[in-house]
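Student: Chains A and B, in that order, are what the protein sequence lines are.
Residue numbers for the first sequence, in this note's numbering: 1 to 163.
Residue numbers for the second sequence, in this note's numbering: 1 to 163.
Keep in mind that a hint or two might mislead.
What the hints assert, rightly or not - Derived pair list, reagent style EDC-like, types lysine to aspartate or glutamate, alpha-carbon separation capped at 16 Å: (1) A/119 x A/26; (2) A/119 x B/98; (3) B/38 x B/98; (4) B/119 x B/151; (5) A/75 x B/98; (6) A/38 x A/57; (7) A/38 x A/14; (8) B/75 x A/57; (9) A/119 x A/98; (10) B/75 x A/110; (11) A/123 x A/3; (12) A/119 x A/84.
As the list claims (entries may be wrong) - Partial list, derived from the structure: chain A residues whose beta carbon lies under 8 Å from chain B: (13) 64; (14) 66; (15) 70; (16) 72; (17) 83; (18) 86; (19) 89; (20) 92; (21) 94; (22) 108; (23) 112.
Rather than coming from a laboratory, the hints here were simulated on the basis of the structure.
The beta carbon of each residue, even a glycine, is placed where N, CA and C say it ideally should be.
Number of protein chains: 2
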Amino acid sequence: MVEPAIALFGGAYENASQVLEELLRESGARYALLLDRKGFVLAHKEALWAPRPPALDSLATLIAGNAAATQALAKMLGESRFNELLHQGATHGLYAEEVGELALLVVIFDNSAPVGRVKLFGKRAVQALEVITRDSVVQPGTLGIDHEYRDGASALLDELFGN
Amino acid sequence: MVEPAIALFGGAYENASQVLEELLRESGARYALLLDRKGFVLAHKEALWAPRPPALDSLATLIAGNAAATQALAKMLGESRFNELLHQGATHGLYAEEVGELALLVVIFDNSAPVGRVKLFGKRAVQALEVITRDSVVQPGTLGIDHEYRDGASALLDELFGN
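I would like the entire structure built from these sequences, with the hints used as guidance.
Tutor: Take a look at the structure:
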């Protein structure tokens, strides 16, 4: 199973949410999400005036997939990856910037928020979020259940062969 | 087989190349490509000072795939598609804008060209390219070989059943 690479608990989650809320207030954007690069939503905020957002989990998966897909493009130009993506439609825009190596900040805005402001305050938020997420990286620890399973399986095999 | 939706011949190709060349000169970008949305390169230009570009056909296919992949994202936000994409790496940037419904203008630039200038002159180039490509759309004409094949097959069947 795919597990998130970052887990935000307690204070870290509160702090991240506060950074997103401030970003929305300052930039005039609609929604702000902090995503795991694998597509998990770590934290999200919506502006009070914004309409109901689309399904955030689906959106997160699409954005993470999209960011991964652009890596092939970046490599062709000699970059390890693009650290900034901007998609602009007729009335909506989507801005994504990487937060360290494992997370993405995504800001969704409409025509009422100038792109420049979204980028400026987005970059500021990224700096704060980098500090917050750095300490929340999930360490792939020793998996107790695997030991148990192995011991159980050995015992079973010993029994089967009469050892 | 996938066929390009647009074919630029003679004067149209010359005009498109000239627009791309002017765009490079005014924006300071490295490479400019006019792509079919299916991933075919219709015309391309490189700045004289730019290093050897990466394989343009591969690049075009990746960009067209990428632009198509973002349509799912755009639809989630209620847009039919994003008409502008900007990918920004540490030293390289890639800007794509749609030219009508069937083509894309792609500009690849490095740190020496400000993004704002690339976008400004990119938009101007798009207007010119829209006019040029509008008349070069390939009309899915009557396919002679299909008629021939159908008539041949009918004749064969008639013979088989002794009609």
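Student: List in ascending order the numbers of the hints, as given earlier, that are violated by the structure.
Tutor: 2, 4, 5, 7, 11, 13 and 23
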